[in-house]
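> So you can see what is in the structure, the chains are spelled out below.
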Amino acid sequence: GEDVEQSLFLSVREGDSSVINCTYTDSSSTYLYWYKQEPGAGLQLLTYIFSNMDMKQDQRLTVLLNKKDKHLSLRIADTQTGDSAIYFCAESEGYSTLTFGKGTMLLVSP
Amino acid sequence: EAGVTQFPSHSVIEKGQTVTLRCDPISGHDNLYWYRRVMGKEIKFLLHFVKESKQDESGMPNNRFLAERTGGTYSTLKVQPAELEDSGVYFCASSQAGLEQFFGPGTRLTVL
Numbered sequence: 001g002e003d004v005e006q007s008l009f010l011s012v013r014e015g016d017s018s019v020i021n022c023t024y025t026d027s028s029s030t031y032l033y034w035y036k037q038e039p040g041a042g043l044q045l046l047t048y049i050f051s052n053m054d055m056k057q058d059q060r061l062t063v064l065l066n067k068k069d070k071h072l073s074l075r076i077a078d079t080q081t082g083d084s085a086i087y088f089c090a091e092s093e094g095y096s097t098l099t100f101g102k103g104t105m106l107l108v109s110p
Numbered sequence: 001e002a003g004v005t006q007f008p009s010h011s012v013i014e015k016g017q018t019v020t021l022r023c024d025p026i027s028g029h030d031n032l033y034w035y036r037r038v039m040g041k042e043i044k045f046l047l048h049f050v051k052e053s054k055q056d057e058s059g060m061p062n063n064r065f066l067a068e069r070t071g072g073t074y075s076t077l078k079v080q081p082a083e084l085e086d087s088g089v090y091f092c093a094s095s096q097a098g099l100e101q102f103f104g105p106g107t108r109l110t111v112l
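Chain order of the listed sequences is A and B.
Using our numbering, the first residue of the first sequence is number 1, and each one after it goes up by one.
Using our numbering, the first residue of the second sequence is number 1, and each one after it goes up by one.
Okay, chain A solo, but in the shape it has when bound (with noise of 0.2 angstroms):
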């Protein structure tokens, strides 16, 4: 199987909370992250949670990471249409190669 797996596609209206899911196989990550990716634009780091931490908050991402079932996921509050792009999950050993997932698409409509 994948080392890295999420949902291929979500969409949702403008104003509502957007949760997008992951879940991961390698108990020795130590960094999880979110990355994005806007047309045309290389992978933006949105945020990352250290495995020994179950939340963090930035703004309006909430990163929620429940490790003994390796799901990780991140929900945008308040969801604009500048929100739609591809969110992709990844996992790290300390400061090292990074693992992706296929990347879940988000639609934004008005």
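Simulated from the structure, these hints should not be mistaken for laboratory data.
Warning: the hint list may mix true and false statements.
[What the hints assert, rightly or not] Not everything, but these chain A residues come out facing chain B in the computed CB check (under 8 angstroms):
no.	residue
1	Tyr24
2	Tyr31
3	Gly42
4	Leu43
5	Leu45
6	Lys70
7	Tyr95
[What the hints assert, rightly or not] In silico DSS-like cross-links for lysine-lysine, where the CA-CA straight-line distance does not exceed 30 angstroms:
no.	chain 1	residue 1	chain 2	residue 2
8	B	Lys51	A	Lys56
9	B	Lys41	A	Lys36
10	B	Lys54	A	Lys36
11	A	Lys36	B	Lys44
12	A	Lys68	B	Lys78
13	A	Lys67	B	Lys41
14	B	Lys15	A	Lys68
15	A	Lys70	B	Lys44
16	B	Lys41	A	Lys102
17	B	Lys51	A	Lys36
18	A	Lys67	B	Lys51
19	A	Lys68	B	Lys54
20	B	Lys44	A	Lys102
21	B	Lys44	B	Lys78
22	B	Lys44	A	Lys56
23	A	Lys70	B	Lys15
24	A	Lys56	B	Lys78
Even glycine gets a Cβ: it sits at the ideal position worked out from N, Cα and C.
With chain A's structure known, arrange chain B on it following the hints.
Relative to chain A, chain B alone:
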């Protein structure tokens, strides 16, 4: 400060030809990474340079791929000869000693 740049943005070649992709990392970043996303699949690690040395090349698919980073500045990734399955988007990223890898916009390679 300029971000990570990649050239070309898009390359279309025929099977059997050679293509060279270039990445200019953020100035002063010792770590340089190459990743690849094949259509519909996850982004996969190819290799990692620390300055001019290959720290980890375990992700390189086969010996048709050659990466260099002469002088520890920019890096090139050559594919010779290109095959159909090499089509995808090739990303470069750089980092200093810290956690965050800064990504370039990618080069979209299409092999016909």
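> Holds or violated: are the alpha carbons of A/Lys70 and B/Lys15 at most 30 angstroms from each other?
Distance of about 41 angstroms is beyond 30 angstroms: violated.
> Next pair to validate is B/Lys41 with A/Lys102; report whether the Cα-Cα distance is within 30 angstroms.
5 angstroms, holds
> Is A/Lys70 within 30 angstroms of B/Lys44, Cα to Cα?
Holds, at about 20 angstroms.
> What's the verdict on B/Lys44 and A/Lys102, does the C-alpha distance respect the 30 angstroms limit or exceed it?
Within the cut-off at roughly 10 angstroms; holds.
> Please verify whether A/Lys67 and B/Lys51 have alpha carbons no more than 30 angstroms apart.
Given pair A/Lys67, B/Lys51 is violated - Cα atoms ~35 angstroms apart, limit 30 angstroms.
> Has the given pair, B/Lys41 with A/Lys36, been kept, meaning a C-alpha gap of at most 30 angstroms?
16 angstroms, holds
> Just to be careful: measuring from the Cβ of A/Lys70 to every Cβ in chain B, is the smallest value less than 8 angstroms?
This interface hint is violated because 16 angstroms lies over the 8 angstroms limit.
> Run the distance test for A/Lys56 versus B/Lys78: straight-line Cα separation, threshold 30 angstroms.
40 angstroms, violated
> Next item in the hint list is A/Leu43. Is there a CB on chain B closer than 8 angstroms to its CB?
4 angstroms, holds
> So if I understand the rule, the pair passes when the alpha-carbon distance is 30 angstroms or less; does B/Lys51 with A/Lys36 pass?
27 angstroms, holds
> Given the proposed pairing of A/Lys68 with B/Lys78, does the C-alpha separation stay at or below 30 angstroms?
Status violated; Cα separation ~42 angstroms.
> Hinted pair, alpha-carbon criterion (30 angstroms max): B/Lys44, A/Lys56. Please report holds or violated.
26 angstroms, holds
Of the numbered hints listed earlier, those contradicted by the structure are 1, 6, 8, 12, 14, 18, 19, 23 and 24.
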